[in-house]
Amino acid sequence: MSSQTKPDRAIAAADGCGVRTTKNGPQSGISREERPMSGLSRRLLLAGVALCCSLPAFAQSWPQRPVTVVVPQPAGNSPDVMCRLITEKLSRTFGQQFVVENRPGAANLVGTQAVARAAPDGYTFLFATSAALVTNPYTFKKLPYDPVKDFIPVAMVAKSNHVLLVNPEVKANTLPELIKLEKSAPGSLSLAVDGARNLSGLIAQAINKSAGTGFVLIPYNTTTNAVQDAISGRIQVTIQSASIAEAFIKAGTLRYLLPLQVPNGSTPCRTFPRLRRCCKASISRAGSCSWPRPVLPLTSSRN
1 MSSQTKPDRA IAAADGCGVR TTKNGPQSGI SREERPMSGL SRRLLLAGVA LCCSLPAFAQ
61 SWPQRPVTVV VPQPAGNSPD VMCRLITEKL SRTFGQQFVV ENRPGAANLV GTQAVARAAP
121 DGYTFLFATS AALVTNPYTF KKLPYDPVKD FIPVAMVAKS NHVLLVNPEV KANTLPELIK
181 LEKSAPGSLS LAVDGARNLS GLIAQAINKS AGTGFVLIPY NTTTNAVQDA ISGRIQVTIQ
241 SASIAEAFIK AGTLRYLLPL QVPNGSTPCR TFPRLRRCCK ASISRAGSCS WPRPVLPLTS
301 SRN
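For what it's worth, my numbering labels the leading residue of the sequence shown as 1, then goes sequentially.
Hints are computed from structural coordinates only; laboratory data are not their basis.
We put the CB at the ideal spot given by N, CA and C, even for glycine.
Among the hints, erroneous ones may be present.
What the hints assert, rightly or not - Listed below are the simulated DSSO-like cross-link pairs for lysine-lysine, each with C-alpha atoms no more than 30 Å apart in a straight line:
#	residue 1	residue 2
1	Lys180	Lys89
2	Lys209	Lys141
3	Lys171	Lys141
Claimed, not checked - Cβ pair distances, simulated, as ranges:
#	residue 1	residue 2	range
4	Thr139	Ala118	17 to 25 Å
5	Ser188	Pro144	21 to 29 Å
6	Ser188	Thr139	26 to 34 Å
7	Glu88	Leu143	30 to 38 Å
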């Protein structure tokens, strides 16, 4: 595209459509037919409208062919589920296919780099994660892309808190109790993460450092495998987005201890409102909030 949409204009366009960022993603493990459209799924689909509204007005003839939306994480992970809900709505709205392409690997680097190198013609989007654009510059000495110079933000589509989950057999009902349990038998509790450089891995390392614990971090390629092992008891603890965790919590197959929020504790996790804030549990540095959003490769006009 020959016109660039700046972040503030993109967000303003979303607001102009009556759309606000969502608090969570879809419920994992529940079929689309079973999810009430008046709830979370409808808000995510409305985020697709925000994306439509944030596109340049001149591009009324766009798209004239299928559009690729790259997700830099495996199928089934929270960003992938959110992206598929939104692209389904976009396909109906524009009468053209929006194809989701999963390109996971190397802490979101593979998919993100692919989009950075794609032709800036408006037919390749990156469904960017906070890891791809925010934390990777601080956890890698060198990146194969520049998160500021190589992309144009299009719209914010979702926000999701992270939740600390345990197998129901774990004898701890609060984070302090879990910390005490781990310290009583160092190295006895395993914690599933989605990689050392991804958000759950960074949160887990912050907990170990802040609380002086020694949770054994086990990296998983997919959320599905991590959750299944937590349910079976193969690992005892995991950190997942609230959107993924909600269905398992309601089913009683996993138990949550607290939501992990932004460090200042200013944004409560509305999915589980009765839980104490992370900062009150003395792990204030372990907060997080992820925010998938579509971005475009920057046009050659920058040169």
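Exercise. Among the hints numbered above, which are violated by the structure, and what are their numbers in rising order?
Worked result: The structure conflicts with hints 1, 3 and 5, although it agrees with all the remaining ones.
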